[in-house]
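These protein sequences, in sequence, are chains A and B.
Numbers 189 to 520, taken from this note's numbering, label the letters of the first sequence in order.
Numbers 50 to 469, taken from this note's numbering, label the letters of the second sequence in order.
Careful, some of the hints might be misleading.
[As the list claims (entries may be wrong)] Straight-line Cα separation of at most 20 Å, SDA-like style, residue types lysine to any residue; simulated pairs:
(1) A:LYS337 / B:VAL213
(2) B:LYS398 / A:ILE234
(3) B:LYS403 / A:THR275
(4) A:LYS288 / B:LEU396
(5) A:LYS264 / A:THR277
(6) B:LYS313 / A:ILE234
(7) A:LYS291 / B:ASP395
(8) B:LYS403 / A:GLN319
(9) B:LYS402 / A:ILE234
(10) A:LYS291 / B:ASN329
(11) A:LYS498 / B:ASP395
(12) B:LYS402 / A:GLU238
(13) A:LYS498 / B:TYR405
(14) A:LYS463 / B:LYS402
No lab work stands behind these hints, which were simulated from the structure alone.
Fair warning: this is a prediction, and the values are worked out from it, not measured in the lab.
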Amino acid sequence: MKSVYVHLVSACFFLLNTACNNDLQPDISTGQPDVVVEMLTHVTLIDQTEYLQEGIHDDFLTREVTAILNNNTFLKHKMKRDAPSGTDTVFTYDEIPLIKETKNCTRIFTDGSMESITEFLTPLSENLIFQLTETPVSEKSRIALTIQKNGVLTAYNAAGETLMHEVFPEQDMREFIDTMKIYVMKTDRYNPEMQYNTKAGIKSFKQHCTTRSNIYELPNGNVIVESPVKNDKEILGIYPGIIGNLKSRIELNPEMTKTLQHDVFQGDNLIQRKKYTYDSSKNLMNLHHNRVICENPQSVETFTLTINTKGYPVIRHSKEFYKANQTRYYFK
Amino acid sequence: MKNIILIVCFILSMTAFTQKKFIWLHGLEGAKGPNTWDIYQQYLTATNGFVIEYPSDNTIAGIANRIYQSDIKPIEVDDDLVVIAHSMGGLVARSLTGLSPKIKGIITVGTPNSGSVLLKNTLSGKTYDFFHQAIRMASGAVDNSLLSGIFSGFPVTTIAAPIVIPITIFKNSTRDGVLTSLKIVLQTGMGIYALSHPCIRDMLPGSALLQHLNTKTDTVPHVNIYGAEDNWQVVRAIGSLSKINDVKNPQYRDQSFDQEYVPKMQAGLVFISQIQQTHNLVYKALAVPAIFMPWIWLTRELVLKARLEWDALYRYLDVGMHADFASNMGAVEYHLQDYCIPTGIDLQKLSCKKSYVPFILENDGILSRQDVISGMEHRENIYNVRVLGVNHQEMGNHIEMRKLLEEIIINKKYGNAFSR
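Bound conformation, chain A alone:
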């Protein structure tokens, strides 16, 4: 009976996953007629915290941050270390890298309902952090698949056994669909040549942006957008010893279609940096029917100044690598 059930779950997942096949082909007419938005993601995330160190995090080591580190002998030692030694000591668990590969397909239907399937592909054995115990967690208890559909969220392990079955109220996405339809249809009719006119893009930004933003072009053609981040200091969870207003600095490509780097500052202190790379793979394009409307990054690398569980300022370093990162729209 159990094996029948496992096969049923597998079959159900196969059927659901068929429409979410991320091995994209030029013909994408496989989308069912009632699907209006389909989101595909296949990503590997690597995440860890690092102590601030000269030579590696120099842009974060401003005068104020350095003063904080100098007040703590341990942090000062970590910062001053010339080069990583052969042997080190891990003091908190978030220093140990966590690798997580996930695959998701989320579909929104014309009636405003939504379903989502997520596969968690990294077995526990591939992460050292789950082995650092005398009695390691059983793979059977690991959530390997979740399906959210018809107001229910179900989690399965890799053998297809149900681990959890919870009510998850359905979200009415009709307003979301209506809003997206306006922009997608507008984008689909957009004159591509206009996107390559940097000056027109800058002019458009200045016309529409109500905040005290600054926009200018770099010698290499890239565009810089500098904006205050309103007055919400809490929004980025900054270290208490660092003061000043938040501001954002975004570097875009000359066509203003891709974010290349995004820095957030508090006062003169860099508190977050994101770097983006692109490779123009079709799996990374957002599509309306079969037409490309914009491109998603292949990788995002983030450095964030944050506080670890010991209360020390550290850098949270995460890297995301996308095999697929795509939203398909099917508006009529």
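With the hints as your guide, set chain B onto chain A.
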């Protein structure tokens, strides 16, 4: 023939006179309500044993002396005694061996023979840090998610609503329903209580009582039972504490009492995954209007930032909080390990590092292995025995523990000193 009958009667009567009596001692505050040892006592030693209840309002030596005078002294003339004790009761049992020469064997289960590091950290206020940390992270992730939706510049119902619904569920079921209650249960269950009971001081590492017990010569054989799963130790421990009355109820014999909190924490992690997917959806959706409204780039980054906070919280609930809890019990030691991670954007290119990393030793939800067997490993007359899958509060009601006690008492696995 008459002589033979007389001899048989004499032997039988001698057997009856030398029969052992089994004394079952509970742990801290076990006297309130039905005792957990009742279950084993009823079928293992019902005809020649009994449970002693005692209040936990004295020093451990004081408790032992009171028990000796009122319960043991009156019976020790006739019978040899075996004491089976849980948790703090084990320290009482070890103290009793110096008072009663009739005690021929002791079995201790989950006893803080080297003192409880968790208790020490609870009294110093360190223990609650990880709950504060989890609640702080959860609150930050919730607040920033809602803000990122609102900042989009779209009507809240358009962009924020898909985020608000799963977050509200998470907030109600995990943050408010589990994390906060875990913190309160632990605070009221241990911290406040500990301040007013002198036996607590005897259980602190390095106490005079522990030094005395661990340096005196063992006069009787001793089976020292330790160990349990350390996975999900936070939820296992607190889940059992919250179900303490059920644990004590014989009708739930052999039932695992992890059932309340483990699924809730699992559900919390699944909800976080779902929230992350919703953030991805919003983030990608914002890429389209960003072509016309460049300031949307900033909102997009806020959405991504909020999603990363959920990642951090997921990781903390999945691993970090348990590690913190283990560390608070002194259940961590450092092992030299290698680990490798991909460098750059090439997932095949690895960068390897050799580090001393914190390794979680076995613990039973309240005590680490070091608390239970440190100093007891190389002593004569002591059998250190490991049992798996038993939480501290479930020790009086667990199938694995029952099997082990049957082996010791019925099958004489560790000799005649402990058998019926």
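Q: Below or equal to 20 Å on CA atoms is what counts here, so check B:LYS403 against A:THR275.
A: holds, 5 Å
Q) Does the alpha-carbon distance linking B:LYS398 and A:ILE234 stay inside the 20 Å limit? A) holds, 13 Å
(Q) Next pair to validate is B:LYS402 with A:GLU238; report whether the Cα-Cα distance is within 20 Å. (A) With a Cα-Cα distance of about 13 Å, the restraint between B:LYS402 and A:GLU238 holds, given a limit of 20 Å.
Q: For the pair supplied as a hint, A:LYS337 and B:VAL213, confirm whether the alpha-carbon distance does not exceed 20 Å.
A: Given pair A:LYS337, B:VAL213 holds - Cα atoms ~18 Å apart, limit 20 Å.
Q. Are the Cα positions of B:LYS403 and A:GLN319 separated by 20 Å at most?
A. holds, 15 Å
Q: Compare the distance between the alpha carbons of B:LYS402 and A:ILE234 with 20 Å, and conclude whether the hinted pair is satisfied.
A: holds, 15 Å
Q.
Against the 20 Å threshold, does the CA-CA distance of A:LYS463 and B:LYS402 hold or violate the hint?
A. violated, 24 Å
Q.
Check whether the Cα positions of A:LYS498 and B:ASP395 lie no farther apart than 20 Å.
A. violated, 32 Å
Q: Measure nothing beyond the straight line between the CA atoms of A:LYS291 and B:ASP395; if it is 20 Å or shorter, mark the hint as holding.
A: The given pair, whose Cα atoms are some 19 Å apart, holds under the 20 Å limit.
Q.
Tell me if the straight-line CA distance from A:LYS291 to B:ASN329 falls inside 20 Å.
A. Measuring from Cα to Cα gives roughly 12 Å; hence the hint holds.
Q.
For a C-alpha distance cap of 20 Å, please report whether B:LYS313 and A:ILE234 respect it.
A. At roughly 26 Å apart (the allowed maximum being 20 Å), A:ILE234 and B:LYS313 break the hint.
(Q) Given the hinted pair A:LYS498 and B:TYR405, is their Cα-Cα distance within 20 Å? (A) Between A:LYS498 and B:TYR405 the Cα gap is close to 18 Å, so the pair holds against 20 Å.
Checked against the numbered hints above, the structure breaks hints 6, 11, 14 and satisfies the rest.
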